[in-house]
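Q: Modelling step: build the complete structure from the supplied sequences, incorporating the hints.
Chains as they are written, first to last, in the numbering used here: chain A, 44 to 308; chain B, 44 to 308.
Treat the hints with care, as some may be off.
Identical copies carry no separate label here, and so any pair may be met within one copy or between two of them.
As a list, the in silico DSSO-like pairs of lysine-lysine whose alpha-carbon atoms are at most 30 angstroms apart [stated by the list, open to error]: (1) K132 with K277; (2) K277 with K187; (3) K187 with K200; (4) K187 with K289; (5) K84 with K187; (6) K200 with K277; (7) K289 with K84.
Calculated from the structure, these hints are not laboratory results.
Number of protein chains: 2
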Amino acid sequence: MAAWARAVRGLLLDVSGVLYDSGGDGGVPIAGSVEAVRRIKASGLKLQFCTNETQATREGFVKKLQGMGFDISVAEVTAPAPAACRILKERSLRPHLLVHNDLVPEFAEIDKTNPNCVVIGDAAENFTYANLNEAFRVLIAMEKPVLISLGKGRYYKETDGLKLDVGAYMKALEYACDAQAEVVGKPAKMFFESALAEMGVPPQQAIMIGDDIVNDVGGAQRCGMRALQVRTGKYRPCDENHPHVKPDAYVNNLAEAVDIILQQL
Amino acid sequence: MAAWARAVRGLLLDVSGVLYDSGGDGGVPIAGSVEAVRRIKASGLKLQFCTNETQATREGFVKKLQGMGFDISVAEVTAPAPAACRILKERSLRPHLLVHNDLVPEFAEIDKTNPNCVVIGDAAENFTYANLNEAFRVLIAMEKPVLISLGKGRYYKETDGLKLDVGAYMKALEYACDAQAEVVGKPAKMFFESALAEMGVPPQQAIMIGDDIVNDVGGAQRCGMRALQVRTGKYRPCDENHPHVKPDAYVNNLAEAVDIILQQL
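A: This is the structure we're talking about:
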């Protein structure tokens, strides 16, 4: 019946809004998600978690999820910071970092002396006037400014209200330097491709499951994957009328998606 | 000889970089500029100062210039904040302000309760993470966000280094809200037109003199004015190869421009 679920060999799961809702003391699991992850693993399907989280190291992030009961390990997580580190090494780039304090350890092995690029993440309280001016000065001093942005989200919600996300500050620096950032993270094609490579599954045999119509669903589909939108997390009913992106299916939550997928195996 | 100087009846002068250089204790007059302003006034030419300054009220700004010896009064200054106030009144807009503390008095007579728009200026130290999130929340709560920006400069130089200007923060909010700001100040056509209206001179009989190739020269020319670039202030030799904007003439400084113009009268 569910044609979209056929011939699947691997699943890519977004984390925030699919596995858990953030807020309060760090987050609460979405009903059925802990069990759903266990069932995927028991089924023999390949599984990779694909997140744009940049407020913590993968170690810290995984520990938080394990604390909620999820069966997850660091090697199963594709996140922007490690992907950025690979790019920095490949291109001999030495970053000036404008990121959250808790993300800094991800860059421990990267040479940061005499910077020849800027890496910007969701720096939150580190987005000060002084820090933004400093990142700008590093960029404008380059003949061709190199700005690497860990995602390009517009904003997100926390318990004390909406917050500007990294994309807004990326745009500020892009405009000031007359440059274009390289985005690492969803919806960048390379980012999905590296998650698929971790699983060893081609896009045609993989399904992305996320709550973000543009970054999760649209991004994965542009890589040739099928993509589901869950009606949890940041999902809004108006997403179902999105002018450009149409998921292969809607599901109420991760548990329902897993039910359908496992029935087809 | 200087065809561009013929049939002129009014002059629009940019201020920072044309009359004085900022830095140190507020600024130093550019050689010959104090005398040049006096000579313009003695000649019978109409004169208006046209600035994007938004870190002080016009009163404070004029007082600083008078302290340097310039013959200038508040009524002779066209600045973004008073222009924004006219727009706010005309359209019954109640602003949430994200501006420099010293600019706030310009909005004293404007109703700011229950805001239905955001006005952003060069807020400098007021560009904090908390203040940017707050301005964003006001905008995103509107069905159609109204963002009025006092200029759209990329950056400027102070004695302690380069600083991001209002345009960068405008871009951040535009992206986060998926909205387009209305820019008040140079190079907006309406802004030049209001300065011309103050003088009662049509654009064909007016000359703009500024140090900014895009905001002063390009903006004024698009209004049908002639425009000179001075080789003072933020002028850089590479401006003379600008891909889109070509001034009607270059002059070494305001004094030289006034010499040539007065010879044609």
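Q: Against the earlier hints, flag every one the structure doesn't satisfy and list their numbers going up.
A: 1, 5
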